[in-house]
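Assemble the complex: chain A is given as a structure, and chain B must be docked to it using the hints.
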Amino acid sequence: MWSYFKFEFKQFFTNKKNIAIYFLLAFATFFYVFKIAPAFEPIESVDYEEIEARYLTRQEFLDRMEGKDLYGIHPLVIFAIEIFKEINPIDKARLDALDAGDLKKYADLTSDWYYFTNSITYKSDTFSYNSKYFIENNQYAEDDAFYAYLEQAARYDTHSKADYALSMEIFEQRTALQTFERLLKGALPIILIVCVLLLAIDIVTKDRRHPSILKGFPISDWKRLLVKMFVALLGSLVLFVPPIVGFLIIGLQSGFGHFNLPSPVYAPHLDWRTEGKFEMMTLGTFLGQSFILLFAWFIVIINVVLLSSILLRSEMVNFAVGLLLIFGENFYFSRYVGYFWDIQNYPTSYIQVGQIISKQRNFYYMNDHLVFTLGLQLLLGLALVVIFLIILIALNRQYKLIK
Amino acid sequence: MIEIQNITVQFGEMKVLNDISMSFEQGEMIGLVAPNGTGKSTFMNVLMNYVKPMKGKVVFKDGLCYSNKSNEVKIHQFVSMMPDQSDLYNHLTGYEHLKMFATMWQSDVKLIDETIEALNMRHYVNKKTGTYSLGMRQRLCFAMQIVTNTEIMMMDEVMNGLDPNNVEIISKILVKKKAEGKIIIIASHLLDNLEKYADRIFLFNEGKLVNTNQIIEGFSQAHIKTIRVKHMESTTKNQLQELYPAIKLQTLTNGLTLIHLPSSEASLLSSLTSFLVERHVVDFAFGKVTLNDLYSMYYHEDRKVTAKKA
Numbered sequence: 154m155w156s157y158f159k160f161e162f163k164q165f166f167t168n169k170k171n172i173a174i175y176f177l178l179a180f181a182t183f184f185y186v187f188k189i190a191p192a193f194e195p196i197e198s199v200d201y202e203e204i205e206a207r208y209l210t211r212q213e214f215l216d217r218m219e220g221k222d223l224y225g226i227h228p229l230v231i232f233a234i235e236i237f238k239e240i241n242p243i244d245k246a247r248l249d250a251l252d253a254g255d256l257k258k259y260a261d262l263t264s265d266w267y268y269f270t271n272s273i274t275y276k277s278d279t280f281s282y283n284s285k286y287f288i289e290n291n292q293y294a295e296d297d298a299f300y301a302y303l304e305q306a307a308r309y310d311t312h313s314k315a316d317y318a319l320s321m322e323i324f325e326q327r328t329a330l331q332t333f334e335r336l337l338k339g340a341l342p343i344i345l346i347v348c349v350l351l352l353a354i355d356i357v358t359k360d361r362r363h364p365s366i367l368k369g370f371p372i373s374d375w376k377r378l379l380v381k382m383f384v385a386l387l388g389s390l391v392l393f394v395p396p397i398v399g400f401l402i403i404g405l406q407s408g409f410g411h412f413n414l415p416s417p418v419y420a421p422h423l424d425w426r427t428e429g430k431f432e433m434m435t436l437g438t439f440l441g442q443s444f445i446l447l448f449a450w451f452i453v454i455i456n457v458v459l460l461s462s463i464l465l466r467s468e469m470v471n472f473a474v475g476l477l478l479i480f481g482e483n484f485y486f487s488r489y490v491g492y493f494w495d496i497q498n499y500p501t502s503y504i505q506v507g508q509i510i511s512k513q514r515n516f517y518y519m520n521d522h523l524v525f526t527l528g529l530q531l532l533l534g535l536a537l538v539v540i541f542l543i544i545l546i547a548l549n550r551q552y553k554l555i556k
Numbered sequence: 006m007i008e009i010q011n012i013t014v015q016f017g018e019m020k021v022l023n024d025i026s027m028s029f030e031q032g033e034m035i036g037l038v039a040p041n042g043t044g045k046s047t048f049m050n051v052l053m054n055y056v057k058p059m060k061g062k063v064v065f066k067d068g069l070c071y072s073n074k075s076n077e078v079k080i081h082q083f084v085s086m087m088p089d090q091s092d093l094y095n096h097l098t099g100y101e102h103l104k105m106f107a108t109m110w111q112s113d114v115k116l117i118d119e120t121i122e123a124l125n126m127r128h129y130v131n132k133k134t135g136t137y138s139l140g141m142r143q144r145l146c147f148a149m150q151i152v153t154n155t156e157i158m159m160m161d162e163v164m165n166g167l168d169p170n171n172v173e174i175i176s177k178i179l180v181k182k183k184a185e186g187k188i189i190i191i192a193s194h195l196l197d198n199l200e201k202y203a204d205r206i207f208l209f210n211e212g213k214l215v216n217t218n219q220i221i222e223g224f225s226q227a228h229i230k231t232i233r234v235k236h237m238e239s240t241t242k243n244q245l246q247e248l249y250p251a252i253k254l255q256t257l258t259n260g261l262t263l264i265h266l267p268s269s270e271a272s273l274l275s276s277l278t279s280f281l282v283e284r285h286v287v288d289f290a291f292g293k294v295t296l297n298d299l300y301s302m303y304y305h306e307d308r309k310v311t312a313k314k315a
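Protein sequence lines, in the order shown, are assigned to chains A and B. 154 is the number of the first residue of the first sequence in this note's numbering; add one for each residue after it. 6 is the number of the first residue of the second sequence in this note's numbering; add one for each residue after it.
Certain hints may be false.
Said to hold, decoys possible - Once the Cα atoms are required to be at most 25 Å apart in a straight line, the calculated SDA-like pairs of lysine to any residue come out as:
#, chain 1, residue 1, chain 2, residue 2
1, B, K177, B, Y129
2, B, K187, B, Y304
3, A, K159, B, Y129
4, A, K556, B, N11
5, A, K368, B, M164
6, B, K242, B, H265
7, A, K553, B, E33
8, A, K314, A, Y201
9, A, K376, B, K74
10, B, K235, B, L196
11, A, K368, B, D92
12, B, K183, B, Q111
13, B, K79, A, Y201
14, B, K74, A, L548
15, A, K556, A, S365
16, B, K79, A, R550
17, B, K182, B, K74
18, A, K376, B, Y94
19, B, K62, A, K359
20, A, K170, B, L97
21, B, K183, B, N170
22, B, K115, A, W155
23, B, K20, B, Q31
24, B, K201, B, K235
25, A, K556, B, Y94
26, B, K201, B, Q31
27, B, K187, A, P371
Derived by calculation from the structure, the hints in this document are not laboratory data. If you're wondering where the values come from, they're calculated on a predicted model, not measured in any experiment.
So that you can see chain A by itself, here it is in the shape it has in the complex:
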């Protein structure tokens, strides 16, 4: 078996298609690291000028209204005065904290700022969230902003109690670990899973081109498939090499961050007016759980490809089956549909790995049951069923892996 492992291992890593996948991923990583990451502009940035401009505009208004008789004046003006009187001291203190370089105090005040701003803005006809949320006809922009504001509030609240050094990079989530966190909540998991699909797609079917060499090997079909699975898994772990190199480069540019940084988790059971909507996990826990779920996906995809290969013997079919699994969620995904359907029972609902761990997906689906442990159980359960089927077929006396 060891001999066959070495043989398959070498085949896998000298396969031109696989080398091309690693190369393209490396290229994409470097493009991201040198072009996209430095240009990252978070919606919720630490923008001294913006805070100051808002503060001064409001203060000028307050100064002008100071001592005026407000009898008969439009109620919105009175409302504005009341609100501005509450928010301006916070903004002034935030500016002072930034001037003094007291980032802990800034974090504490900013947390309050987000809670307060959210409370007056959500479902308000008068105030509006940051305009950057209202893009691409996003009909859920207000909900997304609501989510982002409360998440920022929770994040800053944790920073205010931090026993680690704070920085602008940490506030704006630019450090290497936080960049990873952002990417895991975005397209990175799907990119990696599609890469695994492409790596594994021909791991069985390629043998058809060399039947007389391989058929006579003194190793059973199920052991061959097991070896192929392990080799594909090892190959999929190598996919992390370009992102790790990218991580190191970003770390040198913007700092590495550390595993104790906060990673907010959406908590649907909390009352947002009094408790916010987020609980906190460490970035280390977030990354750990994300990688476990991602790895479970790798196992599922590889085994589904193996099963499809031994049953249907076509790379195109393997590709189609894999894509169906990866993008299957798109067939039923719709905001808040989880309130009506038990989408938590579909393994395909767990494809957005980072959003599952942070429970952002629960917010989108409006479903409290979409959790890491259930996702892991479903994916590993699916993988076990598929592995069982593979072994069952491979042990059948009539079945031949290579015809």
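Same frame as chain A, but now just chain B:
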């Protein structure tokens, strides 16, 4: 030892192998001869379990047969078949192929270098096989099988694309392997070569394996039993039949006439020589029926020669 018991393989209406039973012993070199598409490869594929027979079984040492997948692995540890040159990995070198086979069968790694030397492959073995000529690929495939060092080796068209020197080199290696006690089964169209080295030669006929000794008695023995005459006039043939009614005449599609002798008596040989020379027939030779003759007789003579029932 290989014991083949009542093997039948049928593709549609056609019975490619029809109730074949026989056994091969260690230290034997078996030759398989037949036109293309008559069942040689199918026969070998059955021995490797690549093709499942409708009926019958193949039994190896210790009673092992392809009754389950575990047995198949055990059998493939001591039975191997030469790979096809078109299946080589073009991006790998010849040496990597040899190492792959030696490793898979856990044979002595020294055998790799010995085989490379024996087959004069040193100058190209480290190049990628995509650059090889047909002959180089064929030698590599042969070498791959040799490094498996299995007790039973099967080779389909092993001499394809080889020059006479390499045919001779490979033949000598096969003789050596036979001497080591291995069973070697070769399907080949190089009949002279096969006749020279094989212990038993089988022809395929309607799904049956027919031993050459059954077709012509004493085929494998070196007795003068035949006069082979090139371009014999029909009048001469008629006169010969009239003078020697006990003699059987046969003309092959290649124009060769075989005069089958009832005995090797000197007087008969002398009398026949005089008969031929007197009629200006000078291109003839005494000897036995060659495998080439037998092949022509068997496959191009409208089955005039029939095998005795095994």
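Q) Which of the numbered hints above does this structure break? A) Hints 2, 7, 13, 17, 19 and 23 not satisfied by this model.
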